[in-house]
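Below are the chains, spelled out letter by letter.
2 protein chains.
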Amino acid sequence: MSKLIAIVGVGLMGGSVAKALRRCHNDTQLIGIAPSRSELEPALELGLIDWAFSLAQLPHIPAELVIACTPISEIVPALAQVAEAVPAHTLFTDVGSTKQEVLEQASRYPWAERFVGAHPLAGSEKSGWSASQGDLFDNRVCILTPTKQNPESMVQRCAEFWQSLGCRIEYLPADVHDEILARTSHLPHIGAAILAALVNPKEKIFTAGGWRDTTRIASGNPQLWQGILLSNAPAIQQALKLFAERLEEFRLALAQADEARLHQLLLEGKVARDDLGS
Amino acid sequence: MSKLIAIVGVGLMGGSVAKALRRCHNDTQLIGIAPSRSELEPALELGLIDWAFSLAQLPHIPAELVIACTPISEIVPALAQVAEAVPAHTLFTDVGSTKQEVLEQASRYPWAERFVGAHPLAGSEKSGWSASQGDLFDNRVCILTPTKQNPESMVQRCAEFWQSLGCRIEYLPADVHDEILARTSHLPHIGAAILAALVNPKEKIFTAGGWRDTTRIASGNPQLWQGILLSNAPAIQQALKLFAERLEEFRLALAQADEARLHQLLLEGKVARDDLGS
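Chains as they are written, first to last, in numbering that gives the first Met the number 0: chain Z, 0 to 277; chain E, 0 to 277.
Check before you lean on any hint, since a few could be wrong.
Since the list gives no way to pick out one identical chain from another, each pair is judged satisfied if it fits inside one copy or across any two copies.
Under the rule of at most 20 Å between Cα atoms (straight-line distance), these lysine to any residue pairs were calculated in the SDA-like manner [as the list claims (entries may be wrong)]: (1) 2 / 100; (2) 240 / 250; (3) 147 / 107; (4) 203 / 260; (5) 201 / 254; (6) 125 / 263.
By construction, these hints were calculated from the structure, which means they are not laboratory data.
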């Protein structure tokens, strides 16, 4: 008997999950779910998914797993709707970039114990299912943020699922996840957006590889990122404070022509970056 | 008769100039000059340069062109030494990342009219001649910052030289160059150094492509970058101010959960970045 997996939201992440499943799970049938069925038509026609349903008109779906790949603010509302259509043993997971708020919202629902929060560290500045890639998760870290409500068996099943797509599993409490990701992902996004906005179109010819790389992620979808940033506002505000303090140290070192301090600040960045390679 | 070109400083940039010359100017003999002759031995043995001299012990060098590829603070002192060894018609140029201070220092010397400041927008977070590449300048913009002292013929010869290495030439006044590069290159470097330093070694596994790209240039040589930043301190301080203002706007939008403002800030970054591609 073939397995049944439902993907809610078939954009960059949902599309990549679908393609990875096609590659790694030949025996699995895929259901695409979205606010409107029409947006799923292209994925359906290409055979990326086997069925397509709108969130508002779900039939009974005997799926063993549901993966929410929607924007952050829609994860829990969407899963709440899907929960009405699936059996009581169905496992829920997601790909959300922040975890505390989502898990807090989910905790009000009876299916919260079957929802294991996940964050595969993979993505792109592009969006939409046409940018999706079947190898997006290959050898990437997927952070699971299980709660006390999650039975160990559910966490295990969830880990095995993400491993089957090529991920290496790491576990973090949701609040620790959000605090770290504020510095490794959300702050860099803000920095990229600022650096990009400070250069006007006529000056683009005077940019090189450095600006190109430091600003690439500024091309990300503003609607998606607005949701991510707002859902992790306290941790990001703390990260912004750390960033602003160090920015002020650079300003001071320049104002005072303090070579030693400037060297030290640059060296700390170099040491922190060097071990990762280019 | 073959041409003679001297390269002062044979690191990443000087080595790349040499390799590009080998590729594009078969009839040219190359002289490497460095503070100590011993550091030029490897390049000499590999045939990257034809002769090697220490700055302190220069013979008469009938070079038609001298390219200073030293750290910023050493450009003018090195050229002043080389000027004693070359004919009165020799053209000087450089690869310095900032231009106003260098040209101001050079203006005290009689050879200032033969020194055409250049900044090829090409580089790497790596340093040293072993990281040099013969195609580093292919299709890159090279900014020339001629002064009123430079005869048109000297500027023209300099432009033709950089074009012959594959560069597209743009002209800017030195102060405009420095103000723009503060935002397109120096500020991104500071941002990368800060983002890198805010993530500790144990947290590296929780980084993905975004952090990797936004911090790549933090691996640059702190000694070189300290010199670049200090030589453009006023413009960079102004750029830091613009950056800090926008950082504060992000903080405020997050603190006030101001979706519209956050969206606008992210959109401005996206619009500014999108036309450059990934």
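Practice problem: Indicate which option fits the pair residue 147, residue 107 if close means a Cα-Cα distance not exceeding 20 Å: within, between, both or neither. | Solution: The answer is within: 14 Å in one copy meets 20 Å, while 73 Å across copies does not.
Quiz item: Between copies, within a copy, both or neither: which fits residue 201 and residue 254 at Cα up to 20 Å?
Solution: neither (29 Å within a copy, 33 Å between copies)
Self-check item: Alpha-carbon proximity between residue 2 and residue 100, which holds within one copy, between copies, both or neither at 20 Å
Solution: neither (31 Å within a copy, 69 Å between copies)
Quiz prompt | Within, between, both or neither: residue 203, residue 260 at alpha-carbon 20 Å | solution = neither (31 Å within a copy, 25 Å between copies)
Quiz item: Under a CA distance limit of 20 Å, which applies to residue 125 and residue 263: within one copy, between copies, both, or neither?
Solution: between (36 Å within a copy, 18 Å between copies)
Exercise. Indicate which option fits the pair residue 240, residue 250 if close means a Cα-Cα distance not exceeding 20 Å: within, between, both or neither.
Key: both (15 Å within a copy, 9 Å between copies)
Hint compliance for this structure: hints 1, 4, 5 are broken, all remaining hints hold.
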